[in-house]
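Asker: Given these sequences and hints, build the entire structure.
Protein chains: 2
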Amino acid sequence: MMEELELKGKSARAASRLLEKISTEGKNIALKQAASLLLENRILILTANKLDLKLAIDSGIKGAMLERLELTEQKIKIMAEGLVSLALLPNPIGEISWLKEQPNGLKIGQKRVPFGVIGIIYESRPNVTVDVFGLCLKTGNAVMLRGGKEAIESNKAIVSVLKKALIRSGLPADALQLIENTSRESAFGLMKLNKYLDVLIPRGGAALIQSVIENSTVPVIETGVGNCHIYVDDKADLDMALEVLINAKTQRPGVCNAAESLLIHKDVAAEFIPRAGKELSKNHVEIRGDRNVLDMLPYALQATEEDWGKEYLDLIISVKVVNSLDEAINHINQYGTRHSEAIITRDEEHANKFLEEIDAAAVYVNASTRFTDGYEFGFGAEVGISTQKLHARGPMGLKELTTIKYIIRGNGQIRS
Amino acid sequence: MMEELELKGKSARAASRLLEKISTEGKNIALKQAASLLLENRILILTANKLDLKLAIDSGIKGAMLERLELTEQKIKIMAEGLVSLALLPNPIGEISWLKEQPNGLKIGQKRVPFGVIGIIYESRPNVTVDVFGLCLKTGNAVMLRGGKEAIESNKAIVSVLKKALIRSGLPADALQLIENTSRESAFGLMKLNKYLDVLIPRGGAALIQSVIENSTVPVIETGVGNCHIYVDDKADLDMALEVLINAKTQRPGVCNAAESLLIHKDVAAEFIPRAGKELSKNHVEIRGDRNVLDMLPYALQATEEDWGKEYLDLIISVKVVNSLDEAINHINQYGTRHSEAIITRDEEHANKFLEEIDAAAVYVNASTRFTDGYEFGFGAEVGISTQKLHARGPMGLKELTTIKYIIRGNGQIRS
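Top line first, the protein sequences correspond to chains A and B. First residue of the first sequence? That's 1 in our numbering, and the numbers climb one at a time after it. First residue of the second sequence? That's 1 in our numbering, and the numbers climb one at a time after it.
Please note that a few of the clues may not be correct.
In this list, chains with the same sequence are indistinguishable; a pair is considered to hold if it fits within one copy or across any two.
To be verified - List time: in silico DMTMM-like cross-link candidates among lysine to aspartate or glutamate, alpha-carbon distance up to 20 Å:
#1 K156 <-> D174
#2 K192 <-> E123
#3 K156 <-> E180
#4 K111 <-> E357
#5 K353 <-> E95
#6 K195 <-> E214
I should point out that these hints are in silico values taken from the structure, not numbers from a laboratory. The model shown is predicted, which means the values in this text are computed figures rather than measured ones.
Answerer: Below, the structure written as structure tokens:
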């Protein structure tokens, strides 16, 4: 197993050096070529996917997990379109920003460059394979993919097609490496592959992300867990609050920027809670409230300490009445996961205080938390949503898959 | 032990929330106050340092390590001056750059904010205590310090003085936390303190840095190891090459941006190697060369494979003749530590190729690698030199101790 990692790591590193010399146009041609070949080879891909699906069903996988694994002609079409749209985006690589010339005459520039080799550990969604290939290629990075064992046949088929696209476009096929050993050991091996990997990004559920954080010696970008709050201030427009709440909770409850918790200022609780309760129930949302909420909504369940910290990713919401804006901020900073937090208020001072004191990647005034997303932020592409503070925070676009290097031109300067 | 970490972590986190509300002026006053109090209390600090020194000498510590531990009136004066000069620097915190307004009317801004709580693990230099305190305070970060056991009395004395400065300036004393338990376990505990730490920076030798990388679940900024090369191209000005080589190797051999290896194009080897050998020997530099070098310099030692990857931090240099620019680049990318690399050449194409293909934080044309330094780059302060690609690369100034958050203002926007 380590032999596979060593071999593919070495090839990826060598390919990353070649990729640096490929022009933006060359990379865009390869992206479009890959899109065409995906469509042309859809039967091959769907056939491989059927093998994965059969094994998955036989081993008892069903529901959402099976859905994530399943490919369709439509899904392949969307994947191909994604590659084409990446080809149309500007390329951040190569930009140089020059610092002020030093008194000794040294000219120092910051040049935007690829990381080099990016590792991705993910689960059962084969579309991540295409998605990540495109993002990495556009930014000049080689990539080592370690997908879930459920999707291995689909991934092998997709990667063979994508490699063909690289070759046809004159690019190094080694820039894309699929780890075919899908044991736990291969994932752990990748987490220690500092020799060849510049960064490792886990894409998947909380358990996967936690395991990568705990075990990786390669620098990690942590993505995803979102226990997001909507705080309804005493100065809120309650109609707006209700609309934002329902949107943030129900429009797509399974994603990380969906709301998981509602806080209400005590002065508007008597008016807002019955309205919110009615609307949430109509949308099949289970309510877990504190004592004050239970008094007003007899059908609500009692929230436990655990509920305040929980990312349900489901039609469930925790609800709490707070005595002040300060209490709301403290609660969010204590229980939140620093993803996306919103206040609904008409009071500018309250809004500013919330924006200032909440410690999260995205802090909203009078809007749904659902907007925390690379596309909604206008980045054109999304690598994931970082919930750490190092390197990137919030939605990550192409630029977040790059780093800088300093280039310095002198005429013999020495240090005295 | 974990109790101390838990308690101090919690206090640091609370203090970091308070720090966010302190103006730049307030922080600058505290920095200047700290500078005055350090000078006022120099006897207290020197007395504590004597205790550390006595124990260190008794346990057989000597040489450079003892020197690093020793404080003097002069060193305290330099520490105090450092704090005053930090007070004069611009503060990066609070800047907002607004993205283009979204079609739906959302206004999205990137606001520069402190990390929150920064952890530092370091060794025997008590001046790191003051240095890091100043950098963190200026950027609005609380800090948890875990210094070496050799310096614990000095650190306790310094921290008591710095805390007094915080209190006198109306700032939270809890923003500075010294871990008094200096066991290995307290370092490992800090590496797992994700609950309270946003980032962990090791400052010290290669072994310390490696241990933090291997064991930390807190995001790490790797600093420091530098196996830096000087490549003398066939189109080099050999006088310039000699001057840069001697500067990069001998001006301060114990630091990470000093040169450790010399590569010479074969076409200029016969002329350059004897000159370089003579000058290096005059400067007491031991030469470890490949076969070609040994032929020309009979007094040189034979370099082993290990030498090519070695950071000597001493008056030793490895020397190798290469057949081409490509071979030089490949050698550096294979054996270098991605710190600082230099080419000496008059050929613009060779220079550009080197700048493009070398994978390092700082790539030089016709200048000494010794310039990789926050002060020399004009940042006014230095946190360290990052050799990783995530978050920061090369010299880190104040901005590298900050992160961003997105602040979003709407008027009821929901996602459809």
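Asker: Indicate, hint by hint, whether the structure satisfies it.
Answerer: Comparing the hints with the structure gives:
Taking the shortest Cα distances, K156 and D174 sit within 20 Å of each other inside one copy (14 Å), while across copies they are farther apart (54 Å). In this assembly of identical chains, the alpha carbons of K192 and E123 lie at most 20 Å apart only when taken from the same copy (19 Å versus 26 Å across copies). In this assembly of identical chains, K156 and E180 lie within 20 Å of each other by CA distance solely inside one copy; the values are 8 Å within and 54 Å between copies. For the identical chains of this complex, K111 and E357 are inter-copy neighbours only, at 12 Å across copies versus 34 Å inside a copy, given an alpha-carbon limit of 20 Å.
Taking the shortest Cα distances, K353 and E95 sit within 20 Å of each other only across copies (16 Å), while inside one copy they are farther apart (37 Å). Taking the shortest Cα distances, K195 and E214 sit within 20 Å of each other both inside one copy (19 Å) and across copies (13 Å).
Violation of the numbered hints given earlier is absent; every hint is satisfied by the structure.
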